[in-house]
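Participant: The chain contents come next:
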Amino acid sequence: MNAVTEPILSIQNLNKTFADGFQALKNINLEIQKGEIIALLGPNGAGKTTLISAICGIVQANSGTVTVAGYDIARDYRKTRSIIGLVPQELSTDSFETVWNTLVFSRGLFGKKANSAHIEKVLKALSLWDKKDNMLMTLSGGMKRRVLIAKALSHEPAVLFLDEPTAGVDVSLRKDMWKIVQELKNDGVTIILTTHYIEEAEEIADRVGVINAGEIILVEDKTELMSKLGKKQVSLDLCDPLATIPKSLAGYSLELSENKDQLTYTFDSLGDRTGITSLLDDLKAADIYFRDLNTIQSSLEDIFVNLVEESS
Amino acid sequence: MNFYAVMAIYKFEMARTRRTLVQSIVAPVISTSLYFIVFGAAIGSRITEVGGVSYGAFIVPGLIMLNLLMHSISNASFAIYMPKFVGTVYEVLSAPVSTVEVVLGYVGAAATKSIILGLIILATATFFIPLRIEHPVIMLLFVFLTSITFSLLGFILGIWADNFEKLSIVPSLIVTPLVFLGGSFYSTDMLPPFWQSVTLFNPVLYLVSGLRWSFYEISEVNILVSLVSITAFMLLCFSIVLYMFKTGYKLRT
Ligand SMILES: Nc1ncnc2c1ncn2[C@@H]1O[C@H](COP(=O)(O)OP(=O)(O)OP(=O)(O)O)[C@@H](O)[C@H]1O
Ligand SMILES: [Mg+2]
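Respectively, the protein sequence lines represent chains A and B. 689 is the number of the first residue of the first sequence in this note's numbering; add one for each residue after it. 88 is the number of the first residue of the second sequence in this note's numbering; add one for each residue after it.
Please note that the accuracy of each hint is not assured.
In silico contact screen, one side only, chain B against chain A (beta carbon under 7 angstroms); selected entries [stated by the list, open to error]: (1) 278; (2) 280; (3) 284; (4) 339.
Cross-link-like lysine-lysine pairs, in silico, DSS-like; alpha carbons within 30 angstroms at most [as the list claims (entries may be wrong)]: (5) 800/A <-> 253/B; (6) 98/B <-> 767/A; (7) 935/A <-> 920/A; (8) 801/A <-> 333/B; (9) 832/A <-> 800/A; (10) 714/A <-> 337/B; (11) 948/A <-> 972/A; (12) 801/A <-> 171/B; (13) 800/A <-> 820/A; (14) 337/B <-> 809/A; (15) 253/B <-> 801/A; (16) 920/A <-> 171/B; (17) 333/B <-> 767/A; (18) 819/A <-> 98/B; (19) 337/B <-> 820/A; (20) 337/B <-> 812/A; (21) 809/A <-> 333/B; (22) 333/B <-> 819/A; (23) 98/B <-> 714/A; (24) 820/A <-> 801/A; (25) 722/A <-> 98/B; (26) 333/B <-> 714/A; (27) 820/A <-> 333/B; (28) 873/A <-> 800/A; (29) 767/A <-> 253/B; (30) 812/A <-> 333/B; (31) 832/A <-> 171/B; (32) 337/B <-> 832/A; (33) 253/B <-> 819/A.
Just a sample of chain B residues kept apart from chain A, beta carbon distances all over 12 angstroms, derived [what the hints assert, rightly or not]: (34) 91; (35) 93; (36) 169; (37) 180; (38) 253; (39) 264; (40) 272.
It is worth saying that the hints were derived from the structure and are not from the lab. Glycine included, every Cβ here is placed at the ideal spot set by N, Cα and C.
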């Protein structure tokens, strides 16, 4: 096997059925390369947290194998877990512990020698330095979220799982978080994050995976995904309402809005010809005039919603 | 061996005690003093001697046992129940630690607290009665083994319990009666023959008897039987903890 192309994380045929008989993961296969940022999208209950928990050792899978940096997560759990950092979705922290102590605890727990300089660096990066002596219960929700991230970073993981890192985090902090993720990537850290904010995936991910009902329904390079599935639309605000779309325009994929004063034309942005010029000519020929024209590009969000609807 | 992890858990748990110093240390000292005043002074004035020692001195090993048992169980059960309850247990479950290391950290800390507590009670007792200890090494060994064993039992309880009621039911409904019926504050010779035989099925009797022997060389059962029993029980508890972690029982879904 070539060391360069060997994935840092490899999931094969992973299945999980909970004690109550509910199958939360259905034959998951996924490979992630070192230094990648991959965003897992999926509706509530899709299985994102279950997948992460199975990799980190919190949930026991029923079958399948997972390797991290070539080590099996069950057999070589010491090796794999010391490489992994986990930021859980739930905001669970000790109440009476101080920010500083909880980071020292995490670092020790993961088998790393004490290193105040590193902890100081992490706290400063997450704007928690002035809170270092605060008890955790005195922090706001967003600060607790950052403490959880700081705890995961305290032991210098090579693979970082962020389970909805920006839930309940304000906009400026979210931007800070994206910056930190980018910096970690530059340091060679592999990042797997889940999110419900599609713009977050659009902003920072290299690849996007979509999970629905326990299955991975798609894993794609983000830009490829967007251009492949990306549709462009032109909407025309008509001067006069139109009763129906004239026969002469039947060749175009046109849609008339409910109040009959807007036409929407959908085309493939990657096609050789978009057909816009001829449409405009044909509109004129049919005596249809418009006041305004807008183009719309579908976002990852639209793509995502379509995918999930199709699969279920 | 992930030594740093053991230390991290151990220190975390000891820090938790420092925050609840009153509850952990002052409360037992007060309750012990009350026992001496009520049992020692009030009852002791009627029962003068048991097996050649004054009643006040006679109850010291029983009192120490009572506290070791109760506090070992509650310390260790809380130590693992709270993270489960609050959700912070995710970190221990996802950490590169073996069961032995987790046990060393949590149970080690709980046992340490119990041992300190036992010694504090012993010190408190000397304010009330003149104390003699015939076999200090065996006494310490007993305190040590009991603290570890019942911290292990508490740990099992904390993993098993999924609500606060279950957490408190074992100490209050099982351990307390066993301690009081196990000859902590009386000699089983004082009981009718039938109840003497029944008491032999009470495991706490073997502990109290063993500890008392290390103080005054008086015992209801042979000291070796006591030592073997507590060691066997310790191994049993440890095996159960190992099994729980191996299967993920109530820890990993
Ligand atoms: N311990 C459990 N026992 C039974 N079912 C469970 C358990 N944990 C999770 N599930 C179920 O498994 C499914 C997947 O849950 P999971 O938490 O992985 O979803 P998710 O994709 O992370 O959702 P969200 O976006 O809401 O965080 C859900 O239907 C959930 O109810
Ligand atoms: Mg989730």
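Participant: Would you mind marking each hint as holding or not holding in the structure?
Facilitator: Hint check results:
no., hint, verdict
1, 278, "violated, 46 angstroms"
2, 280, "violated, 50 angstroms"
3, 284, "violated, 44 angstroms"
4, 339, "holds, 5 angstroms"
5, 800/A <-> 253/B, "violated, 36 angstroms"
6, 98/B <-> 767/A, "holds, 24 angstroms"
7, 935/A <-> 920/A, "holds, 23 angstroms"
8, 801/A <-> 333/B, "holds, 27 angstroms"
9, 832/A <-> 800/A, "holds, 23 angstroms"
10, 714/A <-> 337/B, "holds, 23 angstroms"
11, 948/A <-> 972/A, "holds, 18 angstroms"
12, 801/A <-> 171/B, "holds, 26 angstroms"
13, 800/A <-> 820/A, "holds, 20 angstroms"
14, 337/B <-> 809/A, "violated, 37 angstroms"
15, 253/B <-> 801/A, "violated, 38 angstroms"
16, 920/A <-> 171/B, "violated, 50 angstroms"
17, 333/B <-> 767/A, "holds, 18 angstroms"
18, 819/A <-> 98/B, "holds, 22 angstroms"
19, 337/B <-> 820/A, "violated, 33 angstroms"
20, 337/B <-> 812/A, "violated, 37 angstroms"
21, 809/A <-> 333/B, "violated, 37 angstroms"
22, 333/B <-> 819/A, "violated, 38 angstroms"
23, 98/B <-> 714/A, "violated, 41 angstroms"
24, 820/A <-> 801/A, "holds, 20 angstroms"
25, 722/A <-> 98/B, "violated, 35 angstroms"
26, 333/B <-> 714/A, "holds, 24 angstroms"
27, 820/A <-> 333/B, "violated, 36 angstroms"
28, 873/A <-> 800/A, "holds, 21 angstroms"
29, 767/A <-> 253/B, "violated, 36 angstroms"
30, 812/A <-> 333/B, "violated, 39 angstroms"
31, 832/A <-> 171/B, "holds, 18 angstroms"
32, 337/B <-> 832/A, "holds, 26 angstroms"
33, 253/B <-> 819/A, "violated, 37 angstroms"
34, 91, "violated, 4 angstroms"
35, 93, "violated, 9 angstroms"
36, 169, "violated, 8 angstroms"
37, 180, "violated, 5 angstroms"
38, 253, "holds, 19 angstroms"
39, 264, "holds, 33 angstroms"
40, 272, "holds, 37 angstroms"
This entry does not satisfy hints 1, 2, 3, 5, 14, 15, 16, 19, 20, 21, 22, 23, 25, 27, 29, 30, 33, 34, 35, 36 and 37, going by the numbered hints stated previously.
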